[in-house]
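Protein chains: 2
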Amino acid sequence: FGKIGTNVGKVVDRIMNLARDDPRRVIHSFKVALALTFVSLIYYIRPLYDGFGVAGIWAVLTVVVIFEFTVGGTLCKGINRGIATFSAGGLGLGANYIASHLGKEGEPVFLAFLVFLLAAVSTFIRFFPHIKRRYDYGVLIFILTFSMVAVSGYRVEKIIELANQRLFTIIIGGATCMVVSLFLCPVWAGEDLHKLIALNMEKLASFLEGFGDEYFKLHEEESSRDDDACSKNKLLFLHGYKSVLNSKASEESLANFAWWEPGHGKFKFSHPWKLYLKTGVLIRQCAYHIEALNGYLNTDVQVQSEFHKRIAEPCMKMSSESGKALKELASSLRAMKRPSTVSTHIKNCEAAISDLRVALEASSPDRADIVEIIPSIAVGSLL
Amino acid sequence: FGKIGTNVGKVVDRIMNLARDDPRRVIHSFKVALALTFVSLIYYIRPLYDGFGVAGIWAVLTVVVIFEFTVGGTLCKGINRGIATFSAGGLGLGANYIASHLGKEGEPVFLAFLVFLLAAVSTFIRFFPHIKRRYDYGVLIFILTFSMVAVSGYRVEKIIELANQRLFTIIIGGATCMVVSLFLCPVWAGEDLHKLIALNMEKLASFLEGFGDEYFKLHEEESSRDDDACSKNKLLFLHGYKSVLNSKASEESLANFAWWEPGHGKFKFSHPWKLYLKTGVLIRQCAYHIEALNGYLNTDVQVQSEFHKRIAEPCMKMSSESGKALKELASSLRAMKRPSTVSTHIKNCEAAISDLRVALEASSPDRADIVEIIPSIAVGSLL
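Heads up: the protein sequence lines correspond to chains W and X, in order. In this text, residue positions in the first sequence follow my numbering: the first is 1, and each later residue adds one. In this text, residue positions in the second sequence follow my numbering: the first is 1, and each later residue adds one.
Errors might be hidden in some of the hints.
Remember, identical chains collapse to one label, so a pair may be satisfied in a single copy or spanning two.
Here are the simulated lysine to aspartate or glutamate pairs, EDC-like style, with alpha carbons at most 20 Å apart [to be verified]:
hint	residue 1	residue 2
1	K274	D192
2	K104	E202
3	K104	D136
4	K3	D13
5	K195	E252
6	K278	D192
7	K132	D21
8	K132	D22
9	K132	E161
10	K248	E191
11	K10	D22
12	K132	E68
13	K132	E252
14	K132	D13
15	K278	E202
16	K3	D22
Bear in mind the hints are in silico, worked out from the structure with no lab data behind them.
So here's chain W without its partners, still in its complex pose:
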């Protein structure tokens, strides 16, 4: 019995964590519930029910299916659904009209052939990357609506009235979702993307700031490791960049949704979201190199301490200055202002690089050795 208790406690813990990580999730849940309850009023209120009849169910269906977490996601699905329903419905009615002139035998054959053809073509169209990214849902709804109208038109008499009712209830459902998600604590995909890019930059920056100290002090004071907890804490901090390595998918979906959003806050309507993606690619490239750097923190290499000391100072400076420059960039991105002191950091960094070069010229550098060893270690761990 106590076991059940601890299990329940664990689940409650996880729920609380999920809610604490992003309280907007709780708000979103209530927003969906609100929209859904609102459209179900169509059923409960007599005059509305008399107007729409059973078609009111489509408003419920629309709300459940198109309400997404971000404003952009909801708009994307809502607009796709609206346009697809309208055009496919029109086409379906047209097909029905033509079919009705083909006689009792020809009608079902013609309709079935049309459904087959359009289904095959639209399914294939969904494989185009550009379509898949932005209009996938629309094409899906297009096939759906067309088949439904074409097929049911064969049996149902008042097909035009039915189609009208259905279109109207879908518009009601879609509009409800859009209004709720736009005006009730909106979650902007664009803002999230903006913050994600800045956060990723900051993660890399704090790695770079910490790396120089960590790496060179690790070897200098290898024995004096009294503050173990503190250093562990620091190492955790250094691992923040790992999430940057795999941020591509979330950046791209946010940028897609952001494309649909109207202007809000500091962002105008046609904000250059694509540039965020480009920056994201550069940040990830930087993170790959940092991943390679990070390998050195954990390996025990015996270093000629004389040489090591000679390069330590410029290297630490380089690392911390580039970290500072990145941090400055990130905060200026956050505030959407031109960075002011970055050039100073870069100059410092460049000075450190030339210092390093001087230090190197005194020794004989071996450029490709250690870098060669890493992949074989990785390969070894793979086998």
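With chain W's structure known, arrange chain X on it following the hints.
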């Protein structure tokens, strides 16, 4: 007019490319069309229509919505939809039964409250990563069905008969999809995952095999660049690994779908798909290091040629041997046999490493210098 012609030509080209890249896409389009035409027969054949009535439309809807490219995807959505519809429908009927005892005033209030509560809870549940990965669609359909049954139960008299018809047509639609996708040229997500992992390994292997030659010859025969076209071709080959860096999302979705698939071909039912993901992580880590290595191919570093020559031989050997080992691993993974000659390659590789160490001990190695420079170059390019 000629412009339109070239535009049409371009579109046709893109269609042909899309079809040629993966002919299964064309087959998939026809499979969807076939399933859709099949279920629309319910409408065209009189006795079937008499049995199901307008609920037949739900079979059409089900086919369009759950038919996915891979068998695993279709099964995942189909099973989710079936279970969710059944359980939510049952709960909805129960709620209706209770509500009908609450009187004219209490009934809509009780139902609206239940819809609100369940919608909020289910929407929140969808944020759990585990649920999102595997049962997202099921939860969505659960809210949908529950709201629809609860809401329409308030007006429609023969709710149980309607629910029965609907459930039955959804089962017909789902079964059609599953049968078509299982037995008509099935596309297995598991097989795709298996091939993707092997292909990624091969990409890394061909990079490693080519890298040693490319890097060391680049510097040795810098002037004798007569075969420019050939070297460009080679460089393209070396860039194959880039796609490995971002393969995480597709690997994970394939593994999710593969989890739903029954045994097929060489794969048993509970094939350890998770191990593929782990291998994928290791492969990506290897790719990150290769990305760092790749930086050296394009930079013009002045190398002390005496030292460079000394390390060239063991490095080239290491790189090509680890490449060979990876290739061997990949092909044994493809054939699902134990690798046989890999250990020889690894031994060769280890021998090369110790050769390198000997070569290094003659010089004073500087471990962290070049690796330090890379991130600042990356940062520089960022700014």
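Verification of the hints:
1. Only within a single protomer do K274 and D192 lie at most 20 Å apart by alpha-carbon distance; the minimum there is 14 Å, versus 31 Å between protomers.
2. In this homomeric assembly, K104 and E202 never come within 20 Å of each other (Cα to Cα): the closest approach is 70 Å inside a single copy and 59 Å across copies.
3. Within a single copy, K104 and D136 get their C-alpha atoms no closer than 36 Å, and across copies no closer than 44 Å, so neither meets the 20 Å cut-off.
4. In the homo-oligomer, the alpha carbons of K3 and D13 lie at most 20 Å apart inside one protomer (15 Å), although the nearest pairing across protomers, at 63 Å, exceeds that limit.
5. For the homomeric pair K195 and E252, the shortest alpha-carbon distance inside one copy (14 Å) is at most 20 Å, but the shortest distance between copies (25 Å) is not.
6. In this assembly of identical chains, the alpha carbons of K278 and D192 lie at most 20 Å apart only when taken from the same copy (16 Å versus 29 Å across copies).
7. Taking identical chains as interchangeable, the C-alpha atoms of K132 and D21 lie at most 20 Å apart only when they sit on different chains, with a minimum of 16 Å there against 31 Å within one chain.
8. Taking the closest pair of Cα atoms, K132 and D22 come within 20 Å of each other only across two copies (16 Å); inside a single copy the shortest separation is 29 Å, beyond that limit.
9. Proximity of K132 and E161 under a CA criterion of 20 Å is satisfied in neither setting, with 33 Å inside one chain copy and 39 Å between copies.
10. In this assembly of identical chains, K248 and E191 lie within 20 Å of each other by CA distance solely inside one copy; the values are 17 Å within and 25 Å between copies.
11. Taking identical chains as interchangeable, the C-alpha atoms of K10 and D22 lie at most 20 Å apart only when both belong to the same chain, with a minimum of 19 Å there against 46 Å between chains.
12. Taking the shortest alpha-carbon separations for K132 and E68, both the intra-copy value of 17 Å and the inter-copy value of 13 Å come in at or below 20 Å.
13. Taking identical chains as interchangeable, the C-alpha atoms of K132 and E252 lie at most 20 Å apart whether they share a chain (13 Å) or sit on different chains (19 Å).
14. For the homomeric pair K132 and D13, the shortest alpha-carbon distance between copies (18 Å) is at most 20 Å, but the shortest distance inside one copy (38 Å) is not.
15. Proximity of K278 to E202 under the C-alpha cut-off of 20 Å is restricted to the intra-copy arrangement: shortest distance 17 Å within a copy versus 28 Å between copies.
16. For the homomeric pair K3 and D22, neither the shortest alpha-carbon distance inside one copy (29 Å) nor that between copies (52 Å) is at most 20 Å.
In the structure shown, a violation is registered for the earlier hints numbered 2, 3, 9, 16, in ascending order.
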